[in-house]
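Colleague: Okay, here's what each chain looks like letter by letter:
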Amino acid sequence: MRFDGLLPIVPLVLAVAAIGPVQHWLEHAAAPSVVEDEALYLSNGDAVKAMALGYDSLLADVYWMRAIQYFGGKVLSDQTILDQQSDRLPLLHPLVDVATTLDPQLIPAYRFGSYFIHDYGRPAEARALLEKGIRNNPDNPWLYQDLAFAEWQDGDCAHASQVYAAGAERPNAPSWMRSMSAAVLADCGQRSLAVQMLRTMYESTEDPRIRADIKRQLDVYQALDELDLLNAAVAFYAERIGPRPRSLAQVVRTILPRPQPGLPNLTLDRTGSPVDPNGVPYVYDADTGVVSADPSSMTLPRSEPRQH
Amino acid sequence: MQLLRVAKNTFRESVRDRVLFNLIAFALLMIGSSLLVGQLAIGDLQKVITDIGLSAMRFIGVLIAIFIGIQLVYKEIERKTIYGLLAKPLRRSDLVLGKFFGLGTTLAVNTAVMLGGIVLSILFVKRGYAPQLAAAIPAAYLIFLELVVTTAIALMFSTISSPALSALLTLMIYVAGNFGENLRLLAASADSAPSRWLLTALFYVLPNLSNFSAISTAAHGTVAPASWLLAATAYAVVYCALLLSIAVLVFDRRDFK
Numbered sequence: 001m002r003f004d005g006l007l008p009i010v011p012l013v014l015a016v017a018a019i020g021p022v023q024h025w026l027e028h029a030a031a032p033s034v035v036e037d038e039a040l041y042l043s044n045g046d047a048v049k050a051m052a053l054g055y056d057s058l059l060a061d062v063y064w065m066r067a068i069q070y071f072g073g074k075v076l077s078d079q080t081i082l083d084q085q086s087d088r089l090p091l092l093h094p095l096v097d098v099a100t101t102l103d104p105q106l107i108p109a110y111r112f113g114s115y116f117i118h119d120y121g122r123p124a125e126a127r128a129l130l131e132k133g134i135r136n137n138p139d140n141p142w143l144y145q146d147l148a149f150a151e152w153q154d155g156d157c158a159h160a161s162q163v164y165a166a167g168a169e170r171p172n173a174p175s176w177m178r179s180m181s182a183a184v185l186a187d188c189g190q191r192s193l194a195v196q197m198l199r200t201m202y203e204s205t206e207d208p209r210i211r212a213d214i215k216r217q218l219d220v221y222q223a224l225d226e227l228d229l230l231n232a233a234v235a236f237y238a239e240r241i242g243p244r245p246r247s248l249a250q251v252v253r254t255i256l257p258r259p260q261p262g263l264p265n266l267t268l269d270r271t272g273s274p275v276d277p278n279g280v281p282y283v284y285d286a287d288t289g290v291v292s293a294d295p296s297s298m299t300l301p302r303s304e305p306r307q308h
Numbered sequence: 001m002q003l004l005r006v007a008k009n010t011f012r013e014s015v016r017d018r019v020l021f022n023l024i025a026f027a028l029l030m031i032g033s034s035l036l037v038g039q040l041a042i043g044d045l046q047k048v049i050t051d052i053g054l055s056a057m058r059f060i061g062v063l064i065a066i067f068i069g070i071q072l073v074y075k076e077i078e079r080k081t082i083y084g085l086l087a088k089p090l091r092r093s094d095l096v097l098g099k100f101f102g103l104g105t106t107l108a109v110n111t112a113v114m115l116g117g118i119v120l121s122i123l124f125v126k127r128g129y130a131p132q133l134a135a136a137i138p139a140a141y142l143i144f145l146e147l148v149v150t151t152a153i154a155l156m157f158s159t160i161s162s163p164a165l166s167a168l169l170t171l172m173i174y175v176a177g178n179f180g181e182n183l184r185l186l187a188a189s190a191d192s193a194p195s196r197w198l199l200t201a202l203f204y205v206l207p208n209l210s211n212f213s214a215i216s217t218a219a220h221g222t223v224a225p226a227s228w229l230l231a232a233t234a235y236a237v238v239y240c241a242l243l244l245s246i247a248v249l250v251f252d253r254r255d256f257k
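Protein sequences, first through last, are from chains A and B. Per the numbering used here, the very first residue in the first sequence carries number 1; after that it's consecutive. Per the numbering used here, the very first residue in the second sequence carries number 1; after that it's consecutive.
Keep in mind that the hints were calculated from the coordinates and are not lab data. Zero decoy hints are in this set.
One-sided and incomplete, this derived list gives chain A residues near chain B with beta-carbon spacing under 10 Å:
1. Ala52
2. Tyr55
3. Ser57
4. Ala60
5. Met65
6. Gln105
FRET-style restraints, in silico, Cβ to Cβ:
7. A:Pro90 with B:Leu36: 25 to 35 Å
8. B:Trp197 with A:Ser179: 53 to 63 Å
9. A:Arg199 with B:Tyr129: 27 to 37 Å
10. B:Ala188 with A:Ile19: 54 to 64 Å
Even for Gly, the Cβ is constructed at its ideal location relative to N, Cα and C.
Build out the structure end to end from the sequences listed, making use of the hints.
Modeller: Here you go:
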């Protein structure tokens, strides 16, 4: 075998072997990026559509995926973003707006875009997005459902009821939509109604990420119900049985030994202490007699989403 | 008969072209990658696959139509094989039309191969029927019509000028052709009569390529109606006839001495 023929293989093997270590070195040597790209260079959907050269639908997908990545990137870089009250995702609405201008039938963008835009700081833009979706897809009942939910969350029960009623008129509208129209007016501000609405939204999507977020909200409502029960039980214990209880396990053993009809079913750990939907024990302050959720497990709203 | 022979040879020549295979492989790779890209989206995965697949089909098809289209006649002139061809009992019009139909056949085969890739991708994801499967077929046909019109533009320019200039001019017409609807809107909102007249004239003179745009419709699983397909076919036939007539007229009068 000629040595000359093998010669080019040596640098090839060396180069292949070196790629990994060099990349690793580079990752550690490079300064961490501190500048976050918060600019959206083309934010006018009509302008982007005009320049799309017929690739509107593909560009709509690109903008929609960019919106999902923007949202996911924000959540990954700042876990507390979900619990902050201020406007935390300023580019989310423009991204989704461009995506839906490029493809007016992009239903997931209207539905899930508005859901997150509303949840993370811009309710008016979320409603505007859903209204745009209804204008472009007047026969889609789920857009009415989502708009009604957004209106209801913002406290406009009368309008939410009207939107439900309009949605119920659409072909293929689920039968419960008409009854929701009445329920929204009758039970305006009730936590149980929020749970019911969230469950319908949970059932209407198959996307695991959306389901996970709705499940998170349902867990919060469950925790709120359980906290109400536990705080009432502690107060009852202190008033009727004796001094404040030393632990929640003691309260549960004494007052709530078994599930009561109409009351939330508490989940207990091995010690008999009640735990939240994430399996973390509730925090009990024996000095004040207040039961709360462990902040490391979940953050509860400072006040109910809407009380009217 | 001579026309068919030229068409057959052009098809063979195109199929032997390595660039063509590279482009098709790239398109199929793009279609395959849509399976991965689609995972990033929320909503229908088959919608993203259809979007990426048909867009890749259109994009690669346009590249083939332009860059092979401009070479069709020029190659014969550059290699001086045109003298041998014209010495035979072959009409110049047969040569131009044969080249056009040959590349058209190549584009039809490419489109069918890429459509197969899209169909397989959707079947792989859905493990069964999806509305996009039926909708992708007429959409691919409309893309094919658009490619045929683009080929006719490229061929016409290739009989008039050099390949570089032909490519540039074809690309310009292609871009302008995608602004067809905007031209009509501009004409409607123009203040002065001459600009309104000019914009309306441009709208009719330039090929309105948005007539063939059914990617979005197909991605949502809606099948393009037969009336659209018929009208688009008629439009493509009329426009190609116009462009090829110009190409034949120019080529007939061209002096190769």
